[in-house]
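Novice: Those protein sequences? They're chains A and B, same order as listed. Residue 113 in the numbering used here sits at position 113 of the first sequence, and the numbers go up by one each step. Add 450 to a position in the second sequence, counting from 1, and you land on the number used in the numbering used here.
Hint data in this document are derived by calculation from the structure and do not stem from the laboratory. Honestly, I wouldn't trust all of these hints.
[What the hints assert, rightly or not] No farther apart than 30 Å at their CA atoms in a straight line, the calculated lysine-lysine pairs in the DSSO-like style are these:
1) K208(A) - K198(A)
2) K91(A) - K806(B)
3) K60(A) - K457(B)
4) K478(B) - K389(A)
5) K389(A) - K806(B)
6) K410(A) - K399(A)
7) K541(B) - K478(B)
8) K389(A) - K839(B)
9) K541(B) - K91(A)
10) K586(B) - K60(A)
11) K806(B) - K28(A)
12) K510(B) - K7(A)
13) K53(A) - K478(B)
14) K565(B) - K389(A)
15) K2(A) - K510(B)
16) K586(B) - K115(A)
17) K356(A) - K402(A)
18) K28(A) - K386(A)
19) K541(B) - K60(A)
[What the hints assert, rightly or not] Sample of chain B residues at the chain A side, in silico, Cβ under 7 Å:
20) G485
21) N520
22) D802
Since the model is a prediction, treat every value here as computed from it, not as a measurement. C-beta: ideal position from N, C-alpha, C; glycine also.
Here is what each chain is made of, one letter per residue.
2 protein chains.
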Amino acid sequence: MKPSIPKGTRDFAPEEMVRRNYIFDTVKSVFRLYGFNQIETPAMENLSTLMGKYGEEGDKLLFKILNSGNWLSGLEGEDLQEASVPRLTNKVSEKGLRYDLTVPFARFVVQNRDKIQFPFKRYQIQPVWRADRPQKGRYREFYQCDVDVVGTDSLFSELELIQIVEEVYRRLGINVCLHINNRKILAGIAQIVGQADKMIDITVAIDKLDKIGLDKVNQELLDKGLPQEAVSRLQPILMLSGSNTEKLQSLRTILAESEIGLRGIDELETIFAYCRDAEVNLNIELDLTLARGLNYYTGAIFEVKALDVEMGSITGGGRYDNLTGIFGMPNVSGVGISFGADRIYDVLNQLDLYPKTTTDSTQLLFAVFGEAEQRYAIRWANALRKAGKNVEVYPDIVKMKKQMAYADQKHIPYVAIVGSDEMQSDTVMLKNLLTGEQQALTLEQLTKLI
Amino acid sequence: MKPSIPKGTRDFAPEEMVRRNYIFDTVKSVFRLYGFNQIETPAMENLSTLMGKYGEEGDKLLFKILNSGNWLSGLEGEDLQEASVPRLTNKVSEKGLRYDLTVPFARFVVQNRDKIQFPFKRYQIQPVWRADRPQKGRYREFYQCDVDVVGTDSLFSELELIQIVEEVYRRLGINVCLHINNRKILAGIAQIVGQADKMIDITVAIDKLDKIGLDKVNQELLDKGLPQEAVSRLQPILMLSGSNTEKLQSLRTILAESEIGLRGIDELETIFAYCRDAEVNLNIELDLTLARGLNYYTGAIFEVKALDVEMGSITGGGRYDNLTGIFGMPNVSGVGISFGADRIYDVLNQLDLYPKTTTDSTQLLFAVFGEAEQRYAIRWANALRKAGKNVEVYPDIVKMKKQMAYADQKHIPYVAIVGSDEMQSDTVMLKNLLTGEQQALTLEQLTKLI
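Use the sequences and the hints to build the structure in full.
Specialist: Okay, structure coming up:
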């Protein structure tokens, strides 16, 4: 009868929390440098807020809360006989757990539109829940770290998000490449090949270029129903190469007849110019295969990949022109990105990039031989805490070996041993657990040393 | 069709988050000073973990998650006809939202017993959910801040929790009184009046002494079925007064024949002695009317009240000897307290004790007259951010008045105005929004000033 937790969920032990907090604290401090403020929304939202926002599949993946009290009371005899899952679900459940932070954010903006000062720069770091099949690296509860500006269509906001990406990964020590594209360019490409409805097929095929080569990509496009002429028109796009500037120049020729395509090119050129002004020193690659979340993105789209480790996208986002439209507030443009805490956690682990020291943990343990020694240690511990040091006094009177093992397992670097000799000379015997070194120290000496 | 959130839940806007984070950061930093480490557990627990732990009423207040997929499949025809809510709930729901942090903590300890180093000092700050009827100050989602030591029965741990209470409220600037009692003393009192099963009635009556006076308390005890003799035996306890030491001395006489009562007295005396050794400078009052959570507490119990404002208990907890017993791991003694973030929030608001400045917010906004000025401002903003300042550049080219209004509403103290004159002289015009004062500054001067 050993207890367990629901599949796809996790406990976080102290050593994992230190690492997770390191990631959260890093992104938060960078978000703040750029004037973003934190909000939080409830774990539960009304199902009317959530349903229909993530597609049919998404609706199924929502965790739904059974109505409180007599949840059967809303059901009639026919309901039970009919036994239609979606219809009955609707009658026994009004609330669900949030599936992402984007829809609750849009709901927040609309609900608080009169109180919000636009442009509204917010960040939000909270768990989300999805009833996905659990598998390696995919959980049913995980944290998202979202940062968004809404209420401005200035491309200056895209610059700020790029700067935030640069600074976050500089601080974390992860080498990354930011892939950038523009939804308007993708629309332009589909337009000039005369296949506006095939935009996703085209993007998916382009995406495989590296892996399967040009011939097979062309074959796939034909298989998907693209006429030979459209495939021919795509060739210059498929063979696009060179620097971002060169790619944009070629695209300008290729998309000359697509107004929306040209607007997408203009936008990216402005963003690149801003990056030069701001001396952004990040690998940025114009990547036409990048398509993500085509449903609500309307302008620039981003994805960040770590260079030194095999891992999917660790950050992503883009510009949306009408996120709040679903809640009856049209024409609020915004742009946002989301940092994937779980994947960043894995990257830092794989590359062994966590800081070796942390101020979260205990720096020193007083190991005591008896009750008198313990009472003596209390005062020393108080003085050290006043100086801002995290210290512990071992609570039980047990063998020194056990107290040492405690310090060792908790990765406490110093143990101050207190016996009757030390009490008489008003010192402690400080042992450095890393080096094994020992020395008798006064309180003043000890405070200076740790 | 304005969207809304479920009743009893809340959004937290930026200015509320700053204040909440101030509370959380304060308690966390104090917890760490004493060597407590953070853990987190999933929002969802198996219902088998939660049910039966909070009494029958508690079971009803659990938010239950509808099983994913075809949740009807577990039901048979008879189930539906019978329509018994508890039986059907059991068949359509396996998981629930955590109701507190204590039961998940006990589950965590048992599940991870092989990995945990005892004594295990943990803190946990996460939301909990209860399907209570929402009312003023009572929410369906709220945060708990719990700090516990398990795996030691040393009263030294009680001292540490008292020191944590002292330091947290010193830092927050709230004057408090810590009420302390001992479950063993309450058991002893019931024992010596010969009414072991009437412990709660007796405590409830004692609790009213201040409000209704001795005569009415005695009448209430008789009404509850206590014989006259028992009420007479209770008189010295009801009239107990003086310092904590004096009260304990009187109690030692009164409870002379109750072994468990005497042990409770011994425990409190030891705790008071530790407090003297540690130079604890907190109002501590032995309060025999304090009974809280009689179900699992077995030793010292605590409650903290703010002195300068009418508010219920803002922190509470106690010693439990067998919390993990419910999950098959007996004899793990522990002691813990929980800080009530929502009530502390209200106390700080009522007493206007929040710090006037915060490092979370934007310190300076660059207000710009045009695109060239914006690009100029980017470099200044970068330099200031390198120096750790939170700064913003207004993203849109709009009237100066609008940019000023933005700074004003966001409580940004400084605005650096950039026009063509400033660009030529390589300065900005810094305006202090509090004083209205303006001065032209170089980057170096600006960095020093803010």
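Novice: Does each hint fit the structure? Answer for all of them.
Specialist: Here's how the hints hold up against the structure:
Annotation: proposed proximity of K208(A) to K198(A) holds, straight-line Cα distance about 16 Å (limit 30 Å). Taking the CA atoms of K91(A) and K806(B), the gap is about 49 Å. The hint is violated against a cut of 30 Å. Of the supplied pair hints, the one linking K60(A) and K457(B) holds, its CA atoms being roughly 24 Å apart against a limit of 30 Å. Taken as a hint, the K478(B) and K389(A) pair is honoured in the structure, with Cα atoms around 14 Å apart against an allowance of 30 Å.
About 26 Å separates the Cα atoms of K389(A) and K806(B), which keeps this hinted pair within 30 Å; it holds. As the CA atoms of K410(A) and K399(A) are separated by approximately 17 Å, the hinted pair is consistent with the 30 Å bound. In summary, the hint linking K541(B) to K478(B) is not supported, as the alpha carbons are separated by about 40 Å, beyond the 30 Å threshold. Taken as a hint, the K389(A) and K839(B) pair is honoured in the structure, with Cα atoms around 26 Å apart against an allowance of 30 Å.
Distance check on the hinted pair: K541(B) and K91(A) sit about 17 Å apart at the alpha-carbon level, within 30 Å; holds. A C-alpha spacing of about 35 Å is found between K586(B) and K60(A), which places the hinted pair above 30 Å, so the restraint is violated. Taking the CA atoms of K806(B) and K28(A), the gap is near 21 Å; set against the 30 Å cutoff, the hint holds. The straight-line distance between the Cα atoms of K510(B) and K7(A) is roughly 24 Å, inside the 30 Å bound, and the hint therefore holds.
A hinted pair counts as satisfied when its Cα atoms are at most 30 Å apart, and K53(A) with K478(B) does not qualify at roughly 37 Å. Note on K565(B) and K389(A): the hinted pairing holds, with a Cα-Cα distance of about 26 Å set against a maximum of 30 Å. Between K2(A) and K510(B) the CA atoms are separated by roughly 25 Å; this keeps the pair inside 30 Å, and the hint holds. Pair hint K586(B) plus K115(A) holds up; C-alpha atoms about 22 Å apart against a cutoff of 30 Å.
Restraint check for K356(A) and K402(A): satisfied, since their Cα atoms lie roughly 25 Å apart, inside the 30 Å limit. For the hint linking K28(A) to K386(A), the alpha-carbon distance of about 27 Å falls within 30 Å, and the restraint holds. As the CA atoms of K541(B) and K60(A) are separated by approximately 19 Å, the hinted pair is consistent with the 30 Å bound. The beta carbon of G485(B) is positioned within 7 Å of a beta carbon in chain A (closest approach about 4 Å), and the interface hint is therefore held.
Hint on N520(B) holds. Least Cβ distance to chain A is approximately 5 Å, under the 7 Å limit. Because the closest C-beta pair between D802(B) and chain A is about 22 Å apart, greater than 7 Å, the hint is violated.
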